[in-house]
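Novice: All chains should be modelled from the sequences, with the hints used to inform the complete structure.
There are 2 protein chains.
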Amino acid sequence: MGQSNLSTKTSLNKSNFEKVLISRVDSVLNAISAESRIVDEPLRYTLKTRGKCVRPILLYLTGDALGLNYKQLDNYAAALEVLHTYSLVHDDLPCMDDDDLRRGLATLHKKYNDSTAVLIGDALQTLSYQLIAEDKYFRDEIKIMIISKLTKTTGQDGMIRGQFMDLYFENNLATQEEIIEMNILKTSLLIETAMDIPLIIKGCLKQEWADLQRIIGLSFQIIDDIIDLTQPTEILGKTAKKDLLAQKKTLPLLLGIDAAKEELKNNKKDALGIISNLKLSDHPLKFYIENLFSRVK
Amino acid sequence: MGQSNLSTKTSLNKSNFEKVLISRVDSVLNAISAESRIVDEPLRYTLKTRGKCVRPILLYLTGDALGLNYKQLDNYAAALEVLHTYSLVHDDLPCMDDDDLRRGLATLHKKYNDSTAVLIGDALQTLSYQLIAEDKYFRDEIKIMIISKLTKTTGQDGMIRGQFMDLYFENNLATQEEIIEMNILKTSLLIETAMDIPLIIKGCLKQEWADLQRIIGLSFQIIDDIIDLTQPTEILGKTAKKDLLAQKKTLPLLLGIDAAKEELKNNKKDALGIISNLKLSDHPLKFYIENLFSRVK
Numbered sequence: 001m002g003q004s005n006l007s008t009k010t011s012l013n014k015s016n017f018e019k020v021l022i023s024r025v026d027s028v029l030n031a032i033s034a035e036s037r038i039v040d041e042p043l044r045y046t047l048k049t050r051g052k053c054v055r056p057i058l059l060y061l062t063g064d065a066l067g068l069n070y071k072q073l074d075n076y077a078a079a080l081e082v083l084h085t086y087s088l089v090h091d092d093l094p095c096m097d098d099d100d101l102r103r104g105l106a107t108l109h110k111k112y113n114d115s116t117a118v119l120i121g122d123a124l125q126t127l128s129y130q131l132i133a134e135d136k137y138f139r140d141e142i143k144i145m146i147i148s149k150l151t152k153t154t155g156q157d158g159m160i161r162g163q164f165m166d167l168y169f170e171n172n173l174a175t176q177e178e179i180i181e182m183n184i185l186k187t188s189l190l191i192e193t194a195m196d197i198p199l200i201i202k203g204c205l206k207q208e209w210a211d212l213q214r215i216i217g218l219s220f221q222i223i224d225d226i227i228d229l230t231q232p233t234e235i236l237g238k239t240a241k242k243d244l245l246a247q248k249k250t251l252p253l254l255l256g257i258d259a260a261k262e263e264l265k266n267n268k269k270d271a272l273g274i275i276s277n278l279k280l281s282d283h284p285l286k287f288y289i290e291n292l293f294s295r296v297k
Numbered sequence: 001m002g003q004s005n006l007s008t009k010t011s012l013n014k015s016n017f018e019k020v021l022i023s024r025v026d027s028v029l030n031a032i033s034a035e036s037r038i039v040d041e042p043l044r045y046t047l048k049t050r051g052k053c054v055r056p057i058l059l060y061l062t063g064d065a066l067g068l069n070y071k072q073l074d075n076y077a078a079a080l081e082v083l084h085t086y087s088l089v090h091d092d093l094p095c096m097d098d099d100d101l102r103r104g105l106a107t108l109h110k111k112y113n114d115s116t117a118v119l120i121g122d123a124l125q126t127l128s129y130q131l132i133a134e135d136k137y138f139r140d141e142i143k144i145m146i147i148s149k150l151t152k153t154t155g156q157d158g159m160i161r162g163q164f165m166d167l168y169f170e171n172n173l174a175t176q177e178e179i180i181e182m183n184i185l186k187t188s189l190l191i192e193t194a195m196d197i198p199l200i201i202k203g204c205l206k207q208e209w210a211d212l213q214r215i216i217g218l219s220f221q222i223i224d225d226i227i228d229l230t231q232p233t234e235i236l237g238k239t240a241k242k243d244l245l246a247q248k249k250t251l252p253l254l255l256g257i258d259a260a261k262e263e264l265k266n267n268k269k270d271a272l273g274i275i276s277n278l279k280l281s282d283h284p285l286k287f288y289i290e291n292l293f294s295r296v297k
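Chains as they are written, first to last, in my numbering: chain W, 1 to 297; chain X, 1 to 297.
Please keep in mind that the hints were generated in silico from the structure rather than gathered at the bench.
Every residue, glycine too, gets a C-beta built ideally from N, C-alpha and C.
Any given hint might turn out to be false.
Distance windows between CB atoms, simulated [stated by the list, open to error]:
{"#": "1", "chain 1": "X", "residue 1": "176", "chain 2": "W", "residue 2": "291", "range": "51 to 59 Å"}
{"#": "2", "chain 1": "W", "residue 1": "244", "chain 2": "X", "residue 2": "23", "range": "50 to 58 Å"}
{"#": "3", "chain 1": "W", "residue 1": "265", "chain 2": "X", "residue 2": "170", "range": "28 to 36 Å"}
{"#": "4", "chain 1": "X", "residue 1": "234", "chain 2": "W", "residue 2": "134", "range": "51 to 59 Å"}
{"#": "5", "chain 1": "X", "residue 1": "170", "chain 2": "W", "residue 2": "31", "range": "26 to 34 Å"}
{"#": "6", "chain 1": "X", "residue 1": "23", "chain 2": "W", "residue 2": "66", "range": "46 to 54 Å"}
{"#": "7", "chain 1": "W", "residue 1": "211", "chain 2": "X", "residue 2": "239", "range": "35 to 43 Å"}
Specialist: Below is the structure:
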């Protein structure tokens with residue numbers, strides 16, 4: 001335990017790192033259960049259908065780049081995935097985005113019912129703080145800094161505000177600035193926080209990291225919005241063209257797909273420039289960011 | 001700041017303590033806001049309609065009995081009230097208990113809409129952890145112990161499991177033991193945790209306190225269930241006889257009101273016996289517990 005196995009980055013390479021890191025997240029998520037069957041079944045159903053694990057992978061890779069050991073980051077990586085899953089479960093509810101399909105399977109409220117989705121979403125939010133509070137590797141001072149950051153990121157002035165904007169703009173016009181603000185709040189902040197966690201642990205305050213985090217967070221939402229418009233349901237694992245049908249306000253819908261792709265091209269160049277300045281051109285983080293920019297689903 | 005004003009219990013007496021303590025909770029809750037108007041309005045609407053503050057008052061009074069200063073407990077007391085409010089906002093949703101009235105006002109989803117109630121409930125849960133993480137009085141080690149306790153109390157094996165049982169028993173029979181287990185999970189645990197917080201802070205592990213906490217938590221639910229059956233909507237501030245109509249399983253419905261009142265009488269005797277053993281017979285905590293047992297709404 002403890003610091004004995006610092007920096008295992010040599011065990012990762014371009015072809016295996018995603019698989020290795022996702023299997024770490026899976027092993028934490030698979031160990032999560034509830035005592036009662038009526039809670040355990042829907043809880044496991046939701047956690048079993050984990051997605052691409054973008055937030056945990058960014059957390060692990062940033063930690064690796066800073067010399068942290070993966071094992072020490074497991075609870076934080078899982079907490080981020082659980083927190084993200086809570087937001088999806090509630091976002092899919094009929095009174096929200098009303099989606100029947102998520103990650104290729106029936107959404108939780110379709111598989112069970114709405115009350116199950118409300119309660120399991122609530123339990124997942126609780127669980128994310130429990131995973132952090134019960135981590136055995138870092139000092140309580142670090143955990144409180146991370147909890148404080150996460151609550152700001154996801155609370156009434158963060159992700160929740162972004163969700164309110166998203167619903168509001170279904171029936172109202174939005175400027176480019178408003179869409180960018182919404183994207184920062186509902187998506188970018190949590191992605192930035194994934195990378196912030198190892199930075200907080202290491203006490204690293206470099207501006208380059210903050211710039212990189214924001215570029216990745218904003219680009220991720222644009223990529224997601226382009227995919228929603230251009231890919232069929234079978235590829236997406238969720239209902240295609242939902243944004244268009246629901247009159248969602250997204251940058252590709254406002255500016256056109258070509259302009260959005262041009263924006264992404266510039267963002268990618270900026271991100272790789274920073275990666276180079278941080279001397280991470282041979283690090284899996286670089287490959288992963290390149291992959292994100294060329295993601296199709 | 002700090003420890004300068006330890007134990008202000010002399011400032012409280014039988015007639016003023018509830019007013020004094022509720023005004024402390026109000027001052028924390030009134031200071032809570034959201035940057036964006038579309039979030040701020042429903043957030044304030046919900047927090048403005050705070051209830052009887054049973055959990056904060058029990059927290060403050062237990063703290064006082066242990067020699068803690070109220071000011072140091074403000075964020076924890078508010079966190080408990082905010083957490084309880086999150087559970088009510090989601091519990092009132094149409095897919096849950098479907099209630100139109102709460103604390104004498106329209107429930108949040110009636111006043112706004114379902115998505116607002118889902119999102120504000122979510123934000124309130126987040127806020128409760130933020131209030132604890134940002135407290136300036138106690139060590140991070142204490143805060144992590146409290147967060148850990150709260151997540152266990154309210155998560156998939158605690159309050160959420162109680163809520164699942166509550167919905168399940170609308171369409172299924174329940175034994176007396178199952179109803180008691182449900183009451184512990186959905187109500188008693190959070191009330192016990194309110195009193196646990198000062199006990200954790202002081203490192204106090206006396207069995208008498210644990211017994212007292214359980215008696216109060218279980219009795220509170222029975223009192224609430226009797227009131228639901230016997231008082232009109234105008235007095236309740238919420239729709240009367242909901243339990244009966246929804247075929248909820250409660251102890252007064254299973255055993256009859258007289259048997260439930262007999263149970264309460266025994267519980268009150270036991271509680272006052274413990275209070276006496278703890279040498280708190282002249283403390284406001286005793287008067288408050290007596291009041292709880294004679295509560296009609």
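Novice: All hints are to be evaluated individually against the structure, with a verdict given for each.
Specialist: For each hint, the structure was consulted:
1. X/176 <-> W/291: 51 to 59 Å: holds, 58 Å
2. W/244 <-> X/23: 50 to 58 Å: Check passed, 51 Å falls within 50 to 58 Å.
3. W/265 <-> X/170: 28 to 36 Å: Violated - the Cβ-Cβ distance for residue 265 of chain W and residue 170 of chain X, about 55 Å, lies outside 28 to 36 Å.
4. X/234 <-> W/134: 51 to 59 Å: Violated, at about 46 Å.
5. X/170 <-> W/31: 26 to 34 Å: holds, 32 Å
6. X/23 <-> W/66: 46 to 54 Å: Check passed, 47 Å falls within 46 to 54 Å.
7. W/211 <-> X/239: 35 to 43 Å: violated, 54 Å
Checked against the numbered hints above, the structure violates hints 3, 4, 7; every other hint is satisfied.
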